[in-house]
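Asker: Sequence:
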Amino acid sequence: MVTPGTSERTAARLLRRPLEKPWMPRLAFAPPNIAPRGDTLVVIFLRGAADGLNMVVPHGERAYYRLRPTLGIPPPDDTKTKPEERTIDLDGFFGFHPSFQPLLDAWHDGSLAVIHACGGPDESRSHFKAMELMERGVADERGPASGWIGRHLASLDTGNSSPLRAVAMGTRTQRSLSGSVPVSALRSIADFHLGGNQHLLDQMRSTLDLLYEGDDLGKDTLSIMNTMQSMDPMIYKPAHSALYPETELGMALKQTAMLIKAEVGLEVSAIDVGGWDTHFAQGSTTGQMPNLIEELALGLSAFYADMHEHMDSLIVVSMSEFGRRVSENGSLGTDHGHGSMMMLMGGNVAGGRIHGQWPGLDEGQRIGPGDLAVTTDYRDVLSEVCVKRLNNPVVSEIFPEYQPRMLNVVRK
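When we follow the numbering used here, the leftmost residue of the sequence shown carries the number 1, and every step to the right adds one.
Simulated from the structure, these hints should not be mistaken for lab results.
Remember, predicted model here, so these are calculated numbers, not experimental data.
Incorrect hints may appear among the rest.
As the list claims (entries may be wrong) - Calculated lysine-lysine pairs in the BS3-like style (CA-CA distance at most 27 Å, straight line):
id, residue 1, residue 2
1, LYS261, LYS237
2, LYS261, LYS80
3, LYS261, LYS129
4, LYS412, LYS388
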């Protein structure tokens, strides 16, 4: 126990062990080429293979309703259903699931874009394999073991020594973040708090000053820790009366917003949302899948409202490992498929548009056992985000052995 009479040397010895948390600096890294940072990147991974066909509905595609007689979302002009249960038309062919209604503000502002029939080259339809390859940003197992975000961070040193440069929101560090740049797993901002009464806190800060004297990384950590000591998600008041859902996603997005506003050096926030493996009782306009869509929409719309003044320096990416089979199954769900969709949100997104080439859903247009074909590789989208919004042109290091196409989904 640290008492008022404890010497600083003794206090240092007593405090060192309990203070060895993941966010404490341990190694100093010599900076490679330094360049200015770009946008703050927020990546939301929908784990379980999200059904892009019921999220952004091809209501102009007759085969969609023929193959999904129960799960298909009613078209915008279906007078047999309630208006709140119909697809929200976007462009005459595609429309939002009605649970995506909270995202309409961002869509109409031109700050939200969709890339449909999107995915990776892997056709294993295995969650584990597809997620691993996608997070590594490679086509097969022969690629580098590090993650694509980890390689982005390593290839663009912004001179940022913050322990919160890259944060995995939650208890798990995503594979996409793996690499040579340290990453913090942050379940709660409270994890950065030092506990104790004011006298003990003063003692601990004094001890930490002694431990990290002359260490710039340590000083940055102490400065950030002091900032975060006063941050509390429970009393945080979002801008524009934004209301985050009381879910893990809502808390992750709220804390991401708090870190950005606190200017603690956050460049990347990675967030997982599970539960998208809807083999059974998926639901059409109510039920399991609609609830997940609503949670995503409410979280993103709250983040959009809260961070409205920061949107020009923000890019949010939503993605999933693959999509679902076009035909519904006998359990009123959908099986593993191939193509899905991605969403981008930010002030410099070419929004209010559905990007990508639509392959169609007729028998001769589907692939494998009856899946939506992939016409846009997810690496095309992420490469453009890296080049135009993250200020990182070395996509050959981020996505090795891949030549991306620029799709003009974001502006420089």
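Asker: Could you run down the list of hints and mark each one as holding or not?
Answerer: Hint-by-hint comparison with the structure:
Between the alpha carbons of LYS261 and LYS237 the distance comes to roughly 12 Å, so the proposed pair stays at or under 27 Å and holds. Note on LYS261 and LYS80: the hinted pairing is violated, with a Cα-Cα distance of about 47 Å set against a maximum of 27 Å. Between LYS261 and LYS129, the direct Cα distance comes to roughly 36 Å. Violation of the 27 Å bound is thereby established for this hinted pair. Restraint check: the Cα-Cα separation between LYS412 and LYS388 comes to about 5 Å, which is no more than 27 Å; the hinted pair holds.
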